[in-house]
Amino acid sequence: MNFSNFLFMQHEIGLVAVFLILFFADILGSNDKKWFYPLASILFAAFTVAGFFFNPQGEAFGGMFVASPLTSFMKNLLNIATFLVFLQTYRWLEQKEIKERRFEYFLISLITLLGMYLMISAGNFMMLYIGMETASLPLATLVAFNKHQRKSAEAGVKFIMISALASAVMLFGVSYLYGATGTFYFSDMAANISTSPMVLLGLVFFFGGLGFKLSLVPFHLWTADVYEGAPTSITAYLSVVSKGAAAFALLFALFKVFGNIEGVWQGIVWGLSVITITLGNLFALRQTDIKRFFAFSSISQAGYIVLGIIANNSMGITATVFYVLVYVFSNLASFAVISAVENKNGGDTSIAAFNGLSKSNPKLALLMMLSVFSLGGIPFFAGFFSKFFIFMAAASAGFYLLVFIALLNTVISLFYYLMIVKAMYINKADETSVTPIKSDNYSRISMVICFVGILVVGVISGIYTYINGLAML
Amino acid sequence: MEYSILILITPFVLFLFLGLVGGKLKPNLAGIIGTLGMGFCSVLAYSIAYQYFFVIGKTADTWQSVIPFSFEWLRFTELLHIDLGILLDPISVMMLVVITTVSLMVHIYSLGYMHGEDGFQRYYAFLSLFSFSMLGLVVATNIFQMYIFWELVGVSSYSLIGFYYQKPSAVRASKKAFIVTRFADLGFLVGILILSYYTKTFDFAALTANNAELVTTSFAGGTFMGLSLVSWALALIFMGGAGKSAMFPLHIWLPDAMEGPTPVSALIHAATMVVAGVFLVARLFPVYIFGAPEVLTMIAYIGAFTALFAAVIAITQTDIKRVLAFSTISQIAYMMAALGVSGYGDHDGLGYMSSMFHLFTHAFFKALLFLGAGSVIHAVHSNEMKDMGGLHKYMKITSITFFIACLAIAGIPPFSGFFSKDEILAAAFHNQPLIFWTLWVVAGLTAFYMFRLYFGVFFNGKRDYHHKPHESGFTMALPLIILAVFSIFTGFIPFSEYISSDGKPFDMHIDMTVATLSVVAAIVGIAVAYVLYFKDSEKPAMLANRFKGLYTLSINKFYLDEVWLFVTKKVIFNCISRPIAWFDKQVIDGTMDNIANVTQKVSHRVRFLQSGHTQRYIAFFVMGAILIAIAVFIFV
Chain R
2 MNFSNFLFMQ HEIGLVAVFL ILFFADILGS NDKKWFYPLA SILFAAFTVA
52 GFFFNPQGEA FGGMFVASPL TSFMKNLLNI ATFLVFLQTY RWLEQKEIKE
102 RRFEYFLISL ITLLGMYLMI SAGNFMMLYI GMETASLPLA TLVAFNKHQR
152 KSAEAGVKFI MISALASAVM LFGVSYLYGA TGTFYFSDMA ANISTSPMVL
202 LGLVFFFGGL GFKLSLVPFH LWTADVYEGA PTSITAYLSV VSKGAAAFAL
252 LFALFKVFGN IEGVWQGIVW GLSVITITLG NLFALRQTDI KRFFAFSSIS
302 QAGYIVLGII ANNSMGITAT VFYVLVYVFS NLASFAVISA VENKNGGDTS
352 IAAFNGLSKS NPKLALLMML SVFSLGGIPF FAGFFSKFFI FMAAASAGFY
402 LLVFIALLNT VISLFYYLMI VKAMYINKAD ETSVTPIKSD NYSRISMVIC
452 FVGILVVGVI SGIYTYINGL AML
Chain Z
959 MEYSILILIT PFVLFLFLGL VGGKLKPNLA GIIGTLGMGF CSVLAYSIAY
1009 QYFFVIGKTA DTWQSVIPFS FEWLRFTELL HIDLGILLDP ISVMMLVVIT
1059 TVSLMVHIYS LGYMHGEDGF QRYYAFLSLF SFSMLGLVVA TNIFQMYIFW
1109 ELVGVSSYSL IGFYYQKPSA VRASKKAFIV TRFADLGFLV GILILSYYTK
1159 TFDFAALTAN NAELVTTSFA GGTFMGLSLV SWALALIFMG GAGKSAMFPL
1209 HIWLPDAMEG PTPVSALIHA ATMVVAGVFL VARLFPVYIF GAPEVLTMIA
1259 YIGAFTALFA AVIAITQTDI KRVLAFSTIS QIAYMMAALG VSGYGDHDGL
1309 GYMSSMFHLF THAFFKALLF LGAGSVIHAV HSNEMKDMGG LHKYMKITSI
1359 TFFIACLAIA GIPPFSGFFS KDEILAAAFH NQPLIFWTLW VVAGLTAFYM
1409 FRLYFGVFFN GKRDYHHKPH ESGFTMALPL IILAVFSIFT GFIPFSEYIS
1459 SDGKPFDMHI DMTVATLSVV AAIVGIAVAY VLYFKDSEKP AMLANRFKGL
1509 YTLSINKFYL DEVWLFVTKK VIFNCISRPI AWFDKQVIDG TMDNIANVTQ
1559 KVSHRVRFLQ SGHTQRYIAF FVMGAILIAI AVFIFV
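Residue numbers (this note's numbering), protein chains in the order written: chain R, 2 to 474; chain Z, 959 to 1594.
Keep in mind the hints are simulated off the structure, nothing from the lab. No residue lacks a Cβ here, since even glycine has one placed at the ideal position from N, Cα and C. Hints may be right or wrong, so weigh each one.
In silico lysine-lysine, DSS-like type, Cα no more than 25 Å apart, as pairs [as the list claims (entries may be wrong)]:
id : chain 1 : residue 1 : chain 2 : residue 2
1  : Z       : 1016      : Z       : 1354
2  : Z       : 1354      : Z       : 1344
3  : Z       : 1462      : R       : 439
4  : Z       : 1559      : R       : 423
Derived, one-sided and incomplete: chain Z residues facing chain R with beta-carbon distance under 7 Å [claimed, not checked]:
id : residue
5  : 1302
6  : 1578
7  : 1579
8  : 1586
9  : 1590
One chain only, chain R, in its complex shape (with noise of 0.2 Å):
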């Protein structure tokens, strides 16, 4: 056993050490531990600028894991996001019930976290899997985490029993694809591929396995539910980090597995992106709750995320990397705003307490206002650039009546996110309607991030050309 494989593992052991050094401080602590979210913040925070200056390149454990500058990047970019999830979580984690459990929270979600990061990192089918278990079953402990409430209970059930489906899934596919090639390694599965039945029948159920953390349409259907029914921080956890994580775990698989059969699993890519987005954006349009609102737009947003995989180049990384970046800001801006006013209101979701908030909370529908502008792909918010450059590379691979159809949909998501601006700046305020909010100092950051990252990141050229250089190794 070679040790100096470990230190490709830069990002896995520092993100145990953090685990570590939490579940002693927890373990060891006295019981009132006003500290602990403090000390999980900045020390994750410490963590999330450390990680930039982790930069292995190569391979350990003879090819189960993979690192170069773009996994690390990944990496990074969920750790902003979950970074930015934990600053928002601060009110949620005083409430009565959960507050002595908060600390549980945390844990949960950094182990979530080491199973993406070894799903990225993957460089074997049983990694990835083992990465995506990791990921997904603590996951439904999180959903479950206001456990005395119905639907946090009900969601939790469902989102484990969906998961255990999709593992199974994925798990016969990978069985398929072993006996075709003999090898469960994606260098040697890649050597020996080929279109013959069993090798495209496991690529569909891989596909499927994966197409449920995505929330792909047609193995979508648990994401509105469970997203309601979670705590709202999970929620934005669930629709920005896992997804981000399962886009890149499903780039590398098909990129550097199936890269001579671009043809069938573009074919797949394209059907299931047009109906998930056009599903997505049809159910958005009829919703009341805002967190359902919301997970039909992250099932949309999830169809472009996978128009930039279908180009299968350098093109088609960069542009993914970089929508995914830009989702992060943007949507979990529109969170922190619902996580406020939720707070506020006891609990009340729907769409209708968000009347008139431009006149009771004007900073909060501002950035809310941004949020939904950059999901829309309005110019010259983050989102209008993440969507060109998606569309640039789904074009710049032949795929124009895709790139056609993706934009009219744009077209409707525009419609249906205008409506979320149209009830706080042109409904008048009622009785549901929330009164002025003050927000805690952890949550304010994390709005002032999103609000520079939405305005900012798409002008700031330097970033896609920094992604553009890693994706080109």
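With the hints as your guide, set chain Z onto chain R.
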């Protein structure tokens, strides 16, 4: 020189600050902050100018282009990318000095002139935005950056012309200015696209290097409607310049733009924005002269014609600001004509040098004229000359400084206008006699209408004023005095040492034949004006009656506004706009409405998918996977 980026950052930050929180400040405080910021910019500009002209600018006896700051903003290909940066060379540094100086004067002047107006803070915010845009335009390193700032200049001037937005005429004027210049910019954009398509670059340095070699070689001799493509590109780019610089027939917006506050007219419509077109042609001068000399000739003739045309109109106008507006059109056209007759290199480039020289001197004396006019308007509360007269004894400072500016624009030595105008005439004299004689007549007319204005306002009998007019306060008088000093002395700058078509200094000298001719024309103009207008008399009315046809044409600006209205309202609206509107309403809106309806219906239909039952979800999951597998088998 990296600090030169501050000259862009400062006004932009000022704009954001005044625009966002200015409303909460006391008006005076906002004005003083804006003025101090602009003062800082002026100091920067002067220090850049000092460093450029006396320390780093010249190597091997040639003025170099210095790019102290630049970054790549958008990359299309290896070669074609949009940079944002700062380019310092003699003309851009000169423009920095002109813009910041005039802008600072206007800032100070406005403290008094705009005192007590609603939206005082907004006014200063927009002034900062305008200064930012204009500075960004002149330091642009590439034609696309120039285009971006070009449009920003258009927008900020729109908001300044329409500052009194409750006044319908101001709203109309701002719309007209915006639409006309925007229409011209369409040509500019198309020109940029053609040029960059063939040369694969936006960069000024690459375009103009080695006698514009890139341009002359990269166009593969293609022609369109009898003109070569490179001529098309450059003519279209000139169209943009003609819009901003109010060349015939796109000049119609400038007189109306006088609806804006008078200091704004001094800044935008005298010294800075309107010379953007001249600057554009000067910036691309090697490209014009080597790529398409026939376009340059066209520019010369358009310039000369516009100069004459505007001067004739200026003679009969009775609104003090409109006289100045037409005078501006005429003088800018002078500069254009000078560029048009210029050759390249050494003394052949006299036209180029004199154009920039005249731009420089004109900026100061024309700003002075506008600010002086503002001072008069402030005193008598009217724009009409008939409400004025005999003001000399009430407003000594305004009268004397206005007089100096009139002498400068008329071209009387030793005032600044004489030197620059003389060089222009000399350049024309040796190259295109027809243009020389046209410009010579214009010089006489200029002297005449300026002194008609001066005598009519400050002498010419007495009026009964309800309130006795009085001299303006210190903040308004100070800029007048400073600008008067500039108007007297800037002519003595040895301009050809600094600015020349090929970057190499050359000797200029006063051509005695030309100088005598031009001074004679000016003196005749002044003398005629003295006879007709110094004292109240019947003579002007008699003359108007005598030449009734010409007089009517001139006072109605040759009916150009009406021609444009006919073209737009009758021809374009009916033949183009209406069919497009129909298509838009019926076809496009119809399609969109249908998409919306279908979407709503379908979204109602598919509700059953989301039942809330986990068993069903699982069934859909598995069935979906199987269906995909079947589809894959069918298609592969």
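Evaluation of the provided hints:
Taking the CA atoms of residue 1016(Z) and residue 1354(Z), the gap is about 44 Å. The hint is violated against a cut of 25 Å. Pair hint residue 1354(Z) plus residue 1344(Z) holds up; C-alpha atoms about 20 Å apart against a cutoff of 25 Å. Restraint check for residue 1462(Z) and residue 439(R): not satisfied, since their Cα atoms lie roughly 66 Å apart, outside the 25 Å limit. Between residue 1559(Z) and residue 423(R), the direct Cα distance comes to roughly 22 Å. Compliance with the 25 Å bound is thereby established for this hinted pair.
A least Cβ separation of about 37 Å between residue 1302(Z) and chain R goes past the 7 Å threshold, and the interface hint is therefore violated. Given hint, residue 1578(Z) at the interface with chain R, holds; its Cβ is 5 Å from that chain's nearest Cβ, closer than 7 Å. For residue 1579(Z), the interface hint holds, since its Cβ comes within 7 Å of a Cβ in chain R; the closest pair sits about 6 Å apart. Because the closest C-beta pair between residue 1586(Z) and chain R is about 5 Å apart, less than 7 Å, the hint holds.
This hint holds: residue 1590(Z) has a C-beta 5 Å from the nearest C-beta of chain R, less than the 7 Å allowed.
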